[in-house]
Amino acid sequence: MIYFDNAATSFPKPQGVQAAMEDALLCFGANPGRSGHKLSVETARRVYACRESLAQLFGAQEPEQVVFTLNCTHALNLVFKGLLKEGDHVILSDLEHNAVLRPIHTMSQKGTITYDLLEIDLDSEAVTVQRLEELIRRETKLIVLTAGSNVFGSIPPIDAIARVAREREVYLVLDAAQAAGVLPIDLRETPIDFLCMPGHKGLYGPTGTGVLITPHGELLDTMMEGGTGSQSLSPQMPDFLPDRLEAGTVNALGIQGLGAGLDYVRAKGPAAIYRQQLELAQAAWRGLRERGALLYTPEPAYGSSLPVLAFDLPGLSGEETCARLDEVGFCLRGGYHCAPLAHRKMGTLETGAARLSFGCYNTMDQVERLLREISRIQG
Amino acid sequence: MTSGQQATVVVSSITYAIKGQNILTGQRGITAWVDRDQEAYGQYGCGYCIRIRGDCRRAVALLEEHRVKIKEVFYA
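Chains A and P, in that order, are what the protein sequence lines are.
Everything in the first sequence is counted per our numbering, starting at 1 for the first residue and increasing by one.
Everything in the second sequence is counted per our numbering, starting at 380 for the first residue and increasing by one.
It is worth saying that the hints were derived from the structure and are not from the lab.
There may be inaccurate statements among the hints.
Unchecked claim - If you want the footprint, here are the derived chain P segments under chain A, 3+ residues with CB under 8 Å: (1) 392–398; (2) 402–411.
Said to hold, decoys possible - List time: in silico SDA-like cross-link candidates among lysine to any residue, alpha-carbon distance up to 20 Å: (3) P:K450 <-> A:S35; (4) P:K450 <-> A:M237; (5) P:K450 <-> A:P235; (6) P:K450 <-> A:A49; (7) P:K450 <-> A:G111; (8) A:K268 <-> A:A49; (9) P:K450 <-> A:K85; (10) A:K38 <-> P:R407; (11) P:K448 <-> A:K85; (12) P:K448 <-> A:R168; (13) P:K448 <-> A:G111; (14) P:K448 <-> A:L219; (15) A:K85 <-> A:G111; (16) A:K141 <-> A:L183; (17) P:K448 <-> A:K268; (18) A:K141 <-> A:E218; (19) A:K38 <-> P:A440; (20) P:K450 <-> A:R34; (21) A:K38 <-> P:G424; (22) P:K450 <-> A:K141; (23) A:K38 <-> P:Q406.
Claimed, not checked - Taking beta-carbon pairs under 10 Å as the criterion, some of the chain P residues facing chain A (in silico): (24) T387; (25) E443; (26) R446.
For each residue, glycine too, the CB sits at the ideal point set by N, CA and C.
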């Protein structure tokens, strides 16, 4: 089996992740931050180590600005539902995933907020910035931007948009679902107010882990209330992070696995990971083009593309292409990828697309085997 | 031990307790560990604290500098 579906979740996970989770199950399985016994404190120490590692990797000011969530969608919802008030206006890019579109659209349908789409010009940062400037109005509170399309790999001009957001005093959410662990992201360099990511993709943790990093957590109303192990006698949620946004027991098992995933990513370095995976994406793109595939992704280029490709084979839908490849042991995703905005933008709303997405365990040999199989399917 | 050489720093949560201990560990002349203080637990509903031995006033200043949320300090 050869796995090219890392945009859905990375697989396999590093051995260290398995070892850390076994350790957690066997030795550090207490509830962190609830009890006073040694095992609870030791478990909490491991959860804290993961928080600190995330803060270091992404340049957060303090580890407590790192909030553990169930996934990236959960992190995004915490921001939208915690920050936005009646009458607020939101701008989201036309590359966004349903994790952004659906909560924002739902809030709009309820009459709470309004929103506009920012058309990203993939060839011109200046045009994108001008369009953004024209969309911002007095009520605009939030800009939501993907760090890279989950279908096409396209990277919008993040720094330029962040600068405009800061100048116009609008909060910026960066959805780093595909970019965390792949693109270097540093909050000390780019003014991002809310950074949302999954733990189980480019950070190589298990599913059920996600992260929100923000210096503005105290501004967020709570979406969920419950026990935190702190201020236990008060009926109100704590006003400090991370407790304010972490009601109920955190996923201590998953977080310990995520901590080991982070060790793996930090040892390799996101910049090296990005270069390695982009080389594979470039080789696959060229091989697909030589074989007459319909490529919806421009040739992957450093800085403008994530290692994610969308394509179809002539005469086959994306789903059919993936089904044929599955029969001979290749794991790809076909169809719509939960991103109708991006499909509309790239002209694949009617057809969907097959998606190739790379991870640290993919090799050039695997790419060549895939291309040989595609030649065989095309007869 | 003389006054100012033992202290219990009650903090808001386990996160701040571990953060505080990590900050103080390795500081010359300061020993610190995470504990739970029963009296503080009754008062604050958390009770996680950092027990300190050594230059406690410098330790508390370091914790404040690193934005550790301190509820109360008891000097022995």
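Structure-based check of each hint:
no.: 1; hint: 392–398; verdict: holds (count 6)
no.: 2; hint: 402–411; verdict: violated (count 0)
no.: 3; hint: P:K450 <-> A:S35; verdict: holds, 19 Å
no.: 4; hint: P:K450 <-> A:M237; verdict: holds, 16 Å
no.: 5; hint: P:K450 <-> A:P235; verdict: holds, 18 Å
no.: 6; hint: P:K450 <-> A:A49; verdict: violated, 23 Å
no.: 7; hint: P:K450 <-> A:G111; verdict: violated, 42 Å
no.: 8; hint: A:K268 <-> A:A49; verdict: holds, 19 Å
no.: 9; hint: P:K450 <-> A:K85; verdict: violated, 32 Å
no.: 10; hint: A:K38 <-> P:R407; verdict: violated, 25 Å
no.: 11; hint: P:K448 <-> A:K85; verdict: violated, 29 Å
no.: 12; hint: P:K448 <-> A:R168; verdict: violated, 32 Å
no.: 13; hint: P:K448 <-> A:G111; verdict: violated, 39 Å
no.: 14; hint: P:K448 <-> A:L219; verdict: holds, 17 Å
no.: 15; hint: A:K85 <-> A:G111; verdict: holds, 11 Å
no.: 16; hint: A:K141 <-> A:L183; verdict: violated, 26 Å
no.: 17; hint: P:K448 <-> A:K268; verdict: violated, 34 Å
no.: 18; hint: A:K141 <-> A:E218; verdict: holds, 16 Å
no.: 19; hint: A:K38 <-> P:A440; verdict: violated, 27 Å
no.: 20; hint: P:K450 <-> A:R34; verdict: holds, 18 Å
no.: 21; hint: A:K38 <-> P:G424; verdict: holds, 19 Å
no.: 22; hint: P:K450 <-> A:K141; verdict: violated, 34 Å
no.: 23; hint: A:K38 <-> P:Q406; verdict: violated, 23 Å
no.: 24; hint: T387; verdict: violated, 14 Å
no.: 25; hint: E443; verdict: violated, 13 Å
no.: 26; hint: R446; verdict: holds, 6 Å
The structure fails to meet hints 2, 6, 7, 9, 10, 11, 12, 13, 16, 17, 19, 22, 23, 24 and 25 from the earlier list, while all remaining hints are met.
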